[in-house]
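Number of protein chains: 2
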Amino acid sequence: MITDESLEKFLDDLAGRAPTPGGGSAAAVIGAIGAALVSMVCNVTLGKQGYEGVEADLQAVRDESEIVRARLTALVAEDVAAFDSLMAAYKLPKATEEDKGRRAAAIQAALRRATEAPLDCARAAAEVIELARRASEQGYTGVISDGGVGVLAGYTALRSAALNVYINAPSLKDRSFADEAVAEIGRLLEFGAAESDAVYRLVRGKLG
Amino acid sequence: MITDESLEKFLDDLAGRAPTPGGGSAAAVIGAIGAALVSMVCNVTLGKQGYEGVEADLQAVRDESEIVRARLTALVAEDVAAFDSLMAAYKLPKATEEDKGRRAAAIQAALRRATEAPLDCARAAAEVIELARRASEQGYTGVISDGGVGVLAGYTALRSAALNVYINAPSLKDRSFADEAVAEIGRLLEFGAAESDAVYRLVRGKLG
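As you go down the protein sequences, you meet chains F and Z in turn. Counting in the working numbering, the first sequence runs from 1 upward without gaps. Counting in the working numbering, the second sequence runs from 1 upward without gaps.
Hints were generated in silico from the structure; no laboratory data involved. Treat the hints with care, as some may be off.
Claimed, not checked - Dumping the calculated SDA-like pairs for lysine to any residue here, alpha-carbon to alpha-carbon at most 25 Å:
hint : chain 1 : residue 1 : chain 2 : residue 2
1    : Z       : K91       : F       : G47
2    : Z       : K206      : F       : M1
3    : F       : K206      : Z       : Y90
4    : Z       : K48       : F       : D84
5    : Z       : K206      : F       : R113
6    : Z       : K206      : F       : T20
7    : F       : K206      : Z       : S176
8    : F       : K206      : Z       : N43
9    : Z       : K206      : F       : K206
10   : F       : K9        : Z       : N43
11   : F       : K9        : Z       : E64
12   : Z       : K173      : F       : D120
13   : Z       : K48       : F       : K173
14   : F       : K206      : Z       : M87
15   : F       : K173      : Z       : K91
16   : Z       : K9        : F       : E66
17   : Z       : K9        : F       : A74
18   : Z       : K206      : F       : A18
19   : F       : K206      : Z       : I107
20   : F       : K206      : Z       : R112
21   : F       : K206      : Z       : D174
22   : Z       : K9        : F       : M1
23   : Z       : K206      : F       : R175
24   : Z       : K206      : F       : Y166
25   : Z       : K206      : F       : E66
26   : Z       : K206      : F       : L207
27   : F       : K48       : Z       : E64
28   : F       : K9        : Z       : R123
29   : F       : K9        : Z       : E5
30   : Z       : K48       : F       : Y166
31   : Z       : K9        : F       : Q59
32   : F       : K100      : F       : D120
33   : F       : K173      : F       : D120
This is chain F alone, in the form it adopts within the complex (with noise of 0.2 Å):
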């Protein structure tokens, strides 16, 4: 599993000629480690002095950003795995009239689950924004600066995915599901602007 990997190897084969992992799985991980800094800032709130009113929603924060990170942190690989499926598609024989159905047939199938993962992507990265605002508007001022990476690191995670999925989108033959996905994706960035701007303003705000 490629998040089994060092951190410092994740780097170097990010960095490698291979084209994955690439941008989908940064994506990915970047939302992760948005997810990962909201649950922070929860987990060092809960049972602080002063913040006994904010505990059952910190705790209903924080449950939700764990869900949210383990979606994110599957994409990793679930971003390479569409990558490497379209990519033996586009390597299928196509001689014949059938080779040639077969394979345009696999590539449709492949560039749907490689349009798929980042949609997926922009969803949890969307969550990851609201579940910021969540936690810095009511977390403990001493990490609201984690708050603020967390909203950063999920509006960016969200902006690369919608990236990856205008890549794959125009190339799909059924157009009902590229343009709803392309709709979709403009919707989650329209919230996600505005969302994230607020959120970062707010901890701005609260650093004096």
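Put chain Z on the given structure of chain F with help from the hints.
Relative to chain F, chain Z alone:
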């Protein structure tokens, strides 16, 4: 070394109740991801037909981005060490006047270190943004989205590092150092905002 740990373990530690690793280390990792993606765009492009004219510059970009990546990777651990030394300084005895003087000096030294680490991270992240621009302008179109993710990662690392400078700078007694640090962060953020926006639009345009 923290970067020898698995990605999964790093994320678990980030999410945990312990204050380190925190947002400062997360910023350095995100910056290193950006640098790695810049290197990848160069590595994939070098040797490709039709890109002979940009080889020399992309080789230079790749060499620089690998140096910046090593700096950012080292800052993941340095941020933890700086924060730990600050915590240790706060725990020093303060019974006598001599104790108090020694403790205050240790806190100031640790605060300076905890300001220099994110300042260095911000400088390196600004270089990632600049290198991502050169890689995205000249690199192979098939990996252009990776250049886009690289610039977003660089900008998020810069903004995240800035938050960590803003936390520590107000407590520094050396006002000229603190003011210059905050002023430099302001200049880096201004550069990063304009440059990353331009690169993102360039990449988005090339994706069609």
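Comparing the hints with the structure gives:
This hinted pair checks out: K91/Z and G47/F have alpha carbons roughly 21 Å apart, not beyond 25 Å. Restraint check for K206/Z and M1/F: the C-alpha separation of about 33 Å exceeds 25 Å, so the hint is violated. The hinted pair formed by K206/F and Y90/Z meets the criterion: a straight-line CA distance of about 22 Å does not exceed 25 Å. The straight-line distance between the Cα atoms of K48/Z and D84/F is roughly 21 Å, inside the 25 Å bound, and the hint therefore holds.
For the suggested pair K206/Z and R113/F, the alpha carbons sit about 22 Å apart, so the restraint of at most 25 Å is met. Only pairs whose Cα atoms come within 25 Å are accepted, and K206/Z paired with T20/F is accepted, the gap being roughly 21 Å. Restraint check: the Cα-Cα separation between K206/F and S176/Z comes to about 23 Å, which is no more than 25 Å; the hinted pair holds. Annotation: proposed proximity of K206/F to N43/Z is violated, straight-line Cα distance about 42 Å (limit 25 Å).
With a CA separation close to 39 Å, the supplied pair K206/Z and K206/F exceeds the 25 Å bound. Distance hint between K9/F and N43/Z is fulfilled; the C-alpha atoms sit about 17 Å from each other, no more than 25 Å. Our distance criterion of 25 Å between C-alpha atoms is met by K9/F and E64/Z, whose separation comes to about 19 Å. Under the criterion of a C-alpha separation no larger than 25 Å, the hint pairing K173/Z with D120/F is inconsistent with the structure, at around 48 Å.
Taking the CA atoms of K48/Z and K173/F, the gap is about 29 Å. The hint is violated against a cut of 25 Å. Distance check on the hinted pair: K206/F and M87/Z sit about 21 Å apart at the alpha-carbon level, within 25 Å; holds. A C-alpha spacing of about 64 Å is found between K173/F and K91/Z, which places the hinted pair above 25 Å, so the restraint is violated. In summary, the hint linking K9/Z to E66/F is supported, as the alpha carbons are separated by about 14 Å, within the 25 Å threshold.
Of the pairs offered as hints, the one joining K9/Z and A74/F holds, with about 14 Å between alpha carbons and a cut-off of 25 Å not exceeded. Restraint check for K206/Z and A18/F: satisfied, since their Cα atoms lie roughly 22 Å apart, inside the 25 Å limit. Taken as a hint, the K206/F and I107/Z pair is honoured in the structure, with Cα atoms around 22 Å apart against an allowance of 25 Å. Distance hint between K206/F and R112/Z is fulfilled; the C-alpha atoms sit about 21 Å from each other, no more than 25 Å.
Distance check on the hinted pair: K206/F and D174/Z sit about 23 Å apart at the alpha-carbon level, within 25 Å; holds. Between K9/Z and M1/F the CA atoms are separated by roughly 13 Å; this keeps the pair inside 25 Å, and the hint holds. For the proposed pair K206/Z and R175/F, the alpha carbon gap of about 21 Å is at most 25 Å, so the pair holds. Between K206/Z and Y166/F the CA atoms are separated by roughly 11 Å; this keeps the pair inside 25 Å, and the hint holds.
Restraint check for K206/Z and E66/F: the C-alpha separation of about 36 Å exceeds 25 Å, so the hint is violated. Simply put, K206/Z and L207/F have alpha-carbon atoms about 39 Å apart, too far for the 25 Å limit, and the pair is violated. This hinted pair does not check out: K48/F and E64/Z have alpha carbons roughly 45 Å apart, beyond 25 Å. A C-alpha spacing of about 24 Å is found between K9/F and R123/Z, which places the hinted pair at or below 25 Å, so the restraint holds.
Under the criterion of a C-alpha separation no larger than 25 Å, the hint pairing K9/F with E5/Z is consistent with the structure, at around 10 Å. At roughly 24 Å between alpha-carbon atoms, K48/Z and Y166/F fall within 25 Å of each other, so this suggested pair holds. For the hint pairing K9/Z with Q59/F, the CA-to-CA distance comes to about 22 Å; that is within 25 Å, so the pair holds. Under the criterion of a C-alpha separation no larger than 25 Å, the hint pairing K100/F with D120/F is inconsistent with the structure, at around 30 Å.
This hinted pair checks out: K173/F and D120/F have alpha carbons roughly 20 Å apart, not beyond 25 Å.
Figure legend: structure checked against the earlier numbered hints; hints not met, in rising order: 2, 8, 9, 12, 13, 15, 25, 26, 27 and 32.
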